[in-house]
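In case you want the letters, here they are:
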Amino acid sequence: MNIQQKAYSRFESIGLPKARHDDWIFFPNSAFQKINVISPEENFSESISKEFDLGIDTEKNIAALIPLIHTRNTFLKTIDANAQETGVLKARDDFSHTLFHIQKGADVSLEILDNKNEHAFTAERLDFFVEENAKLELFFCNPLQNHSLQFRHVRIVAAAKASIKILGLQENTGCYRQSFDLFLNGEDSTVDFRLLNQLKGETEAHYHLTIHHNAPHTKNNQFVRQILNGKSHVSYDGAVHVGKDCTEVNSAQLINSILLSEEAKVSVKPVLKIYHDDVECTHGNTCGELDAESLYYLQSRGIDAKKAEEILLLNFASEVFSDLESSIGRERILHILANKN
Amino acid sequence: MLSIQNLKTSLKDGTSILKGVNITVQPGEIHAIMGPNGSGKSSLFKAISGHPSYQIDSGSVILNGEDILGMDINNRANAGLFISMQYPIEIPGVKNVDFLRMALDSKRAYLGLEKIKDSEFNQLMEKYTSLLEMDDRYISRGVNEGFSGGEKKRNEILQMAILDPKVACLDETDSGLDIDALRIVARGINEMMTPEKSVILVTHYQRLLDYVKPHFVHVLRQGKIILSGGPELALKLEEQGYDWIEEA
Ligand SMILES: Nc1ncnc2c1ncn2[C@@H]1O[C@H](COP(=O)(O)OP(=O)(O)OP(=O)(O)O)[C@@H](O)[C@H]1O
Ligand SMILES: [Mg+2]
Chain A
1 MNIQQKAYSR FESIGLPKAR HDDWIFFPNS AFQKINVISP EENFSESISK
51 EFDLGIDTEK NIAALIPLIH TRNTFLKTID ANAQETGVLK ARDDFSHTLF
101 HIQKGADVSL EILDNKNEHA FTAERLDFFV EENAKLELFF CNPLQNHSLQ
151 FRHVRIVAAA KASIKILGLQ ENTGCYRQSF DLFLNGEDST VDFRLLNQLK
201 GETEAHYHLT IHHNAPHTKN NQFVRQILNG KSHVSYDGAV HVGKDCTEVN
251 SAQLINSILL SEEAKVSVKP VLKIYHDDVE CTHGNTCGEL DAESLYYLQS
301 RGIDAKKAEE ILLLNFASEV FSDLESSIGR ERILHILANK N
Chain B
1001 MLSIQNLKTS LKDGTSILKG VNITVQPGEI HAIMGPNGSG KSSLFKAISG
1051 HPSYQIDSGS VILNGEDILG MDINNRANAG LFISMQYPIE IPGVKNVDFL
1101 RMALDSKRAY LGLEKIKDSE FNQLMEKYTS LLEMDDRYIS RGVNEGFSGG
1151 EKKRNEILQM AILDPKVACL DETDSGLDID ALRIVARGIN EMMTPEKSVI
1201 LVTHYQRLLD YVKPHFVHVL RQGKIILSGG PELALKLEEQ GYDWIEEA
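Taken in sequence, the protein lines are chains A and B. Using the working numbering, you'd call the opening residue of the first sequence number 1 and step up by one each time. Using the working numbering, you'd call the opening residue of the second sequence number 1001 and step up by one each time.
Don't read these hints as lab results, they were simulated from the structure. No experiment lies behind these values; they were computed from the predicted model shown. Cβ atoms here follow ideal geometry from the backbone N, Cα and C, with glycine treated the same way. It is possible that some hints are incorrect.
[As the list claims (entries may be wrong)] Far from chain A, some chain B residues (derived; all Cβ distances over 10 Å): (1) N1022; (2) S1049; (3) H1051; (4) K1115; (5) E1120; (6) L1124; (7) S1130; (8) M1134.
[Claimed, not checked] Which stretches of chain A does chain B cover? Using the computed rule of at least three CB atoms under 8 Å from a CB of chain B, they are: (9) 252 to 264; (10) 315 to 321.
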């Protein structure tokens, strides 16, 4: 069986999520009507080598399977050991699959561009196999774009001392769900996940992040903020699994939301953790408005209310990225934020 | 000139805070307001500056002929009112120097002036940071970010100096200052005093008044000025506290 067929048979056995499915609890059920999965064409030839296990047999997420079933081919790319690369990833078809093999010690920064197809439903899957000591930065900060329904699934497998950074500025409209399946399989591998949602209208943005700590001394940091207007809705489900014998694991999650309208909504799933004593974990989740004392302070120095609000919102937004080391993604996103107003 | 007449304020829940305050401060005058904790000193400053927690029930606040109670918070500042906060807040992420410049340009826009030029602004900064003996941290860091209590107070005085207000209301600017800082801050206040300007100091202690000499001293208690006098009143309060006043 090729990948397409394998993915299809897995899809058939799990089916579309039922209402109240735990992983889709915040997702608007009506959107499923746009999804039509058909049996893959017979004549498709497959070229991904066996060394890359995509985890299809145990996959529970349809968003990870659908791009594999419907894609016309996998875009495969190898980054050589110790190479430095920057690039953009852009899906041209409604359904696409990309696989990066990042070899030892490589240093890679990739920008994920949005699929410009304005079709009823698009889905993409990005796989990264990151070898020892390699660095991967993935970022997205697309200008406003409307998605009728979009899935993006990112799966990363990290070897020892690999360092993964994912930075996102999300301002799209429409309905989308992004899932991240991150496997910290080697000792001292780390993932830093930073996400800022600035949404309006009836936008539905849903995030599902699962981090598997499969080795000792692995670390994850999740810092997510949103500024929501209109009837926009963000959900965030960040689950952390810590395997047996994985000592000195560190996990931090911070989620802050500012709701600028009465109808905006944020749903955060309580963190699910399977852990033992040797895990250091912190998490926080706040939701509120701009700090009234800060607004007053700025205004008391002559700055008008609107400008004061903009300053504080920009501040709130920039903080998601500002403490990071300088990188292409960080600078790009901070630049976009600072030049908006 | 600042004239506060029969000012009554309350909180949103209806709690009455100021119960008819009258103070008139002429150009060139320094007034000190003293009073027990919780008597309403900070509330007075916040209320006249437009803090949203305080509802004005009656009275007027006239700044150089204009009733400022109907004005937006920012325009009260732009018209020449400055409040140095008892507890200045931190705004990380906004560089102190950018903040100062934004504030100054807001005032200039209000007065119909164009934005300040780089060279002019740098000169101002240079002048006042050296007068107040402030190093680069005050410039490049976020507003009050990680500043100690005393450093925050000194930063308030820097803001005052840059904004050059007509009436400066300084709320316990001396609290938290070390001995040297107190002297330096006092120098900053005296420097800004000219015959056209006025200062109202809220303080608990005589020591600031040794450096910045008030013309009048008022005692605020339970939302009212219960006694006013000359500089000697502060000395008497320092010695005897507030209890004797009711008996008098
Ligand atoms: N925003 C507020 N919310 C609730 N209570 C308030 C508020 N502002 C003032 N108060 C109350 O009003 C009274 C006066 O407070 P204020 O801060 O003006 O006192 P103060 O004279 O400045 O005291 P201190 O010398 O301790 O600084 C206090 O009882 C205080 O608790
Ligand atoms: Mg006070």
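* To do: Against the earlier hints, flag every one the structure doesn't satisfy and list their numbers going up.
  => Violated hints: 2, 3, 9; rest satisfied.
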